[in-house]
Amino acid sequence: MPAPAQRRLIFAHIDEPGYTNDLACYLRHGGYEVLKKAVTRKPEELIDEVKKSGLRGRGGAGFPCGVKWGLVDRKSGKPIYLIVNADESEPGTFKDRYIMHQDPHQLIEGTMISCFANNVKQAYIYIRGEMPHGARILEKAIAEARAANFVGPNILGTSYSCEIFVHRGAGAYICGEETGLIESLEGKRANPRIKPPYFPAVLGLYQCPTIVNNVETLCHVKYIAEHGGEAYTKIGTPGNTGTRIFCVSGHVQRPGYYEFEAGRITLGQLLNEVCGGPLPGRTFKAVIPGGSSAKIMRFGERYKGKRKVGAEMVDYDWGVEDVPMDFDSLAMIGTMGGSGGVIVMDDSVNMVEALANINAFYSHESCGQCTPCREGALWMKKITTRMVHGHARPEDAALLKSVADQIPGRTICAFGEACSWPTQSFIAKFGDEFKQYPEAKKTAKPADAPALI
Amino acid sequence: MIAPPKPELVTVNIDGREIAVPKGTNVIEAARLVGVDVPHYCYHPKLTVVGNCRMCLIEMGMPAVDPATKTPIIDPATGKQKINWIPRPQIGCGTNASPGLHIRTTSPLVKDCREGVMEFLLINHPLDCPICDQAGECKLQEQATGYGRGYSRFVEQKNVKPKRTLLGPRVMLDDERCVLCSRCIRFSKEIAHDDVLGFIDRGSHSTLTCYPGKKLENNYSLNTVDICPVGALTSTDFRFKMRVWFLKQTNSIDAESSVGANTVVWSREGAIYRITPRRNDDVNDTWMADTGRVLYKQVRADNRLAAVKVGGNDSGLDIAVNTAAELFKAGGVVVVGSGRSSVEEQFLTKKLAAALKASTHLVSRVGEGDKLLVSADRNPNVRGALVTGLIAALPAAGDVAAPSASAIRIGGLAALAADIDSGKVKTVVSIGEDLAEAGLTAAQLAKVAIVYLGTHANATSAAARVVFPTLTIFEKSGTFVNQQFRIQKFLKAVPGPTGLPDDLVVLAKLASAAGSSVPSEINALWKLIAAEIPALGTMTFANLPETGLLLDATPWSGLPFVEGETLHYKPAKAAQLVVGS
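Going down the list, the sequences are from chains A and B. Residues in the first sequence are numbered from 381 upward in steps of one, following our numbering. Residues in the second sequence are numbered from 25 upward in steps of one, following our numbering.
Honestly, I wouldn't trust all of these hints.
Quick look at which bits of chain A chain B covers, simulated, 3 or more residues with Cβ under 8 Å [as the list claims (entries may be wrong)]:
#1 454-467
#2 714-727
Calculated pairs, SDA-like style, for lysine to any residue (alpha carbon to alpha carbon, straight line, at most 20 Å) [said to hold, decoys possible]:
#3 A:Lys575 to B:Glu83
#4 A:Lys781 to B:Met142
#5 A:Lys781 to B:Leu71
#6 A:Lys575 to B:Gln165
#7 A:Lys568 to B:His229
#8 A:Lys575 to B:Met86
#9 B:Lys135 to A:Asp785
#10 A:Lys575 to B:His68
#11 B:Lys182 to A:Lys815
#12 A:Lys781 to B:His68
#13 A:Lys568 to B:Glu139
#14 B:Lys182 to A:Gly714
#15 A:Lys781 to B:Arg173
#16 A:Lys781 to B:Leu146
#17 A:Lys568 to B:Met84
#18 A:Lys431 to A:Ala581
#19 A:Lys781 to B:Thr49
#20 A:Lys575 to B:Gly85
#21 B:Lys135 to A:His744
#22 A:Lys568 to B:Thr231
#23 B:Lys238 to B:Ser259
#24 B:Lys182 to A:His744
#25 A:Lys575 to B:Asn120
#26 A:Lys781 to B:Gly172
#27 A:Lys575 to B:Ser122
#28 A:Lys575 to B:Gly172
#29 A:Lys815 to B:Thr233
#30 A:Lys568 to B:Val73
#31 A:Lys781 to A:Gly714
#32 A:Lys568 to B:Lys135
#33 A:Lys781 to B:Lys135
#34 A:Lys575 to B:Leu71
#35 B:Lys182 to B:Gln165
Computed far set for chain A versus chain B, every beta-carbon distance over 12 Å [as the list claims (entries may be wrong)]:
#36 Lys422
#37 Glu510
#38 His513
#39 Lys520
#40 Ser629
Derived by calculation from the structure, the hints in this document are not laboratory data. Here a beta-carbon is modelled for each residue, glycine too, at the ideal position from N, C-alpha and C.
Bound-form chain A, shown alone (with noise of 0.2 Å):
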């Protein structure tokens, strides 16, 4: 089956010809009219539509944003916070980076639709220390569109008034999880929350209530609040409405972000006919779906079992091309849609040096905070270094997925999940690749090989 055409509500401009990141630029193609109609509206309707529109978070978890907002505490008198999330640092996933350097306007809408809709009078946009170019951007477009009253006090002639700030990080992956995101935000060390108590949308920021939603997700409420959310159920599947965008990275002929309605398309088109398929003379041997926190599958395996159709159950037996893209599927046969990083390895990779790199990063970028993640994630990791430095023992792989089980589920945050799958699905997968590393380390570098330091 062909793969179906590309379908950009996000991503309708980037890397439009002549397209830039002036609010000038923006106007012309329209912008800021959905605006201008949604604060002529009361903002219930427009939560409404997000309710109905059924939209998930595009951060990572996958969260109903409509559910996320309804749990906002509005009557302790506290003012509401909104964060736009760009600490887009899963490796693996550059989605936020091209909203916010190419069309910074649509973002600043879509948060201030979000904004008027949850009666927010101040929201920051918390964006990654490594991306400077980004945070001037989008000071650069907040300034345009305060000139033009979109942003800041009584805008558009209205009595509502708001204001965006940016503001950047210091580099660190884990602000990218919500409370810790608020932590750096208010001036300390990003280390997530307990929850219970410090749930955001009751005690975020500040102790006020706070909600927090990725840039894409942001755009995504721009494009519900102009077409209705009963609209934006159309695209996409039941369940997984709207479009996704892939940010294909790895061995593949064309690497890049696409974007398509989610659940409308396979790995295997993704992969074969969209990226053009493997390099010349490789094979795929292994694709991580949703960034590389999210389990590895295996080019060859199977996923068998029943799943939900309309109101019926069907039998499904998927090889890793057959897997739609979609929340919902991907976390059925054990993996996440996570933030729409695709790695795909082909054959010439080796998993454990792989998997050496990931527990590097994840090594490197643990809080610090809590024991199982902060021993646990460097522990794995100076496993898989040593292994690859030729000390490889056979009962690695056996240590290592023992490690990896005491961490998820018994950590503060979801990085104890994050920084463990990858080494329980690499060793679950590939175990026999693990296995047989010391053998074939032992195996002599070819004559042209340089020295590795």
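The hints should help you fit chain B onto chain A, whose structure is shown.
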């Protein structure tokens, strides 16, 4: 008396046992009540909950309720309400008691969690228990016994972090031993209000340190050593002096101010090695000031008085008592009592003064309160002098700044000085007070005969006709009445210098020489005290609870006490304002 509001009780089920606890009690505390130990490192009852050590993971469940009808779902197998167990383990410290809460602390999942956390805590921990000062009171050691693997699966290089870092004058840090529980950070911030500690770096390389240019040198810094569950923070005064398992623990009271912080004195073979706080939720929680921890050094000070002296020469107790009796017969005797004496000593002092028909004075010591556990009144037992009737009014505050830098004003003897100058006074009996320090001049001291009872040599002991060496608080038993009018007892931790009688014996002998027969044994003495002092009427020394007993303070409520607000204490005037508003 206003009874505190009764807490709302909820019934929780811990390992199959039901217990009613106040709503909001966390699982660690609730489990403690049924005798179930939930191991933990970061949780401390007096600090905020951060839930970072993950040692207290437990399984939690709630009774199942039909979402539609709100009726309980009954498990047909047991006939009881079904329990919905949460698949993920929860932290005990952050889980509060709610009606019907079910907890499992012995399930395979909980065991696995504890063993996993234990292993993680140990992999980068140095194997230096044999040379670690915390050994014997180390939570890591204790729980490794309970939940450790017994061998290590860790064959990698351990992390290297700074060793032997001085965080301040009294606290030494070994970062490799630190389990990053953040108790010390939270203490500094929340209790000492001196936010100087923090972590730098990330992940397993996280390192405890002081902020640049700061030191952990506030007067509460040693509490961080107490609450450090491992050997990361040690006391520069105590480290490497003695293994804790050799030490005997004796309950005592911090005598540095009228707060009366509860303490434990740790001693071995007659020598004291350290003083640590003892929990009393109504007085000092689990804290005490650093200054109170070094008071034991007075016991073996060089200027300690060790022999009875008459006219500057060594003498015997009875000879000295007879000499004092001669002086008493001549009349013109004045007694200077002390707010540092115990209730029992003050009672005997009152008996002595009454027998001599002598006027009594009390020396005042007033400094700055620190709003925490050192109050403005540096005498621990001025309230005792009021309760026993030794004095009826508070001693006047001294107007002479003390010569030392401690800024404690010592005084209250202006009337006595005037009487000496006018020649009315012939003999002064000083119970442990240095009259020169309290403002009397050398000429005034030379003008009278002095009977001095004291622990250390000073200008008064040098000028005294008769000197009775006495015991420090660590060498005798007794009671103090603190600023809350809470009577608290301290016990003898170490024997006094060889041959010295108990202070009560000396006082009883002097009272007897003055014509008043009183018992000198503390339990016998308390029968008399209970009979004569209505406020203490129902007590005996033996049955006084470890955390003290609050006395009725109304007879003295109008007095202008010098204390400001401290932990668990509000000055009476402020309290009235609160009630009135």
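Results of checking the hints against the structure:
1. 454-467: violated (count 0)
2. 714-727: Not satisfied, violated; 0 residues make the cut.
3. A:Lys575 to B:Glu83: holds, 16 Å
4. A:Lys781 to B:Met142: OK: Lys781 of chain A and Met142 of chain B at ~17 Å, within 20 Å.
5. A:Lys781 to B:Leu71: Given that 20 Å is the threshold and the Cα spacing comes to 36 Å, the pair is violated.
6. A:Lys575 to B:Gln165: At roughly 30 Å apart (the allowed maximum being 20 Å), Gln165 of chain B and Lys575 of chain A break the hint.
7. A:Lys568 to B:His229: It holds: about 18 Å lies between the C-alpha atoms, which stays within 20 Å.
8. A:Lys575 to B:Met86: holds, 17 Å
9. B:Lys135 to A:Asp785: holds, 14 Å
10. A:Lys575 to B:His68: Given pair Lys575 of chain A, His68 of chain B holds - Cα atoms ~19 Å apart, limit 20 Å.
11. B:Lys182 to A:Lys815: Outside the cut-off at roughly 25 Å; violated.
12. A:Lys781 to B:His68: The given pair, whose Cα atoms are some 33 Å apart, is violated under the 20 Å limit.
13. A:Lys568 to B:Glu139: violated, 31 Å
14. B:Lys182 to A:Gly714: This hinted pair is violated, its Cα atoms lying about 34 Å apart.
15. A:Lys781 to B:Arg173: holds, 17 Å
16. A:Lys781 to B:Leu146: Roughly 19 Å between the alpha carbons, so the hint for Lys781 of chain A and Leu146 of chain B holds.
17. A:Lys568 to B:Met84: violated, 31 Å
18. A:Lys431 to A:Ala581: Roughly 16 Å between the alpha carbons, so the hint for Lys431 of chain A and Ala581 of chain A holds.
19. A:Lys781 to B:Thr49: Judged against 20 Å, a Cα distance of about 37 Å means the pair is violated.
20. A:Lys575 to B:Gly85: Given that 20 Å is the threshold and the Cα spacing comes to 17 Å, the pair holds.
21. B:Lys135 to A:His744: violated, 29 Å
22. A:Lys568 to B:Thr231: With Cα atoms ~16 Å apart, Lys568 of chain A and Thr231 of chain B stay inside 20 Å; holds.
23. B:Lys238 to B:Ser259: holds, 18 Å
24. B:Lys182 to A:His744: Holds: Lys182 of chain B and His744 of chain A sit about 16 Å apart, inside 20 Å.
25. A:Lys575 to B:Asn120: OK: Lys575 of chain A and Asn120 of chain B at ~12 Å, within 20 Å.
26. A:Lys781 to B:Gly172: holds, 19 Å
27. A:Lys575 to B:Ser122: holds, 16 Å
28. A:Lys575 to B:Gly172: Measuring from Cα to Cα gives roughly 28 Å; hence the hint is violated.
29. A:Lys815 to B:Thr233: Not satisfied, since the Cα-Cα distance of roughly 42 Å exceeds 20 Å.
30. A:Lys568 to B:Val73: holds, 17 Å
31. A:Lys781 to A:Gly714: holds, 17 Å
32. A:Lys568 to B:Lys135: violated, 34 Å
33. A:Lys781 to B:Lys135: holds, 18 Å
34. A:Lys575 to B:Leu71: holds, 18 Å
35. B:Lys182 to B:Gln165: Holds, at roughly 18 Å.
36. Lys422: Holds: least Cβ distance 31 Å, greater than 12 Å.
37. Glu510: holds, 15 Å
38. His513: holds, 25 Å
39. Lys520: Non-interface label stands for Lys520 of chain A: nearest chain B Cβ at 32 Å, farther than 12 Å.
40. Ser629: The claim holds: Ser629 of chain A sits with its nearest Cβ about 25 Å from chain B, beyond 12 Å.
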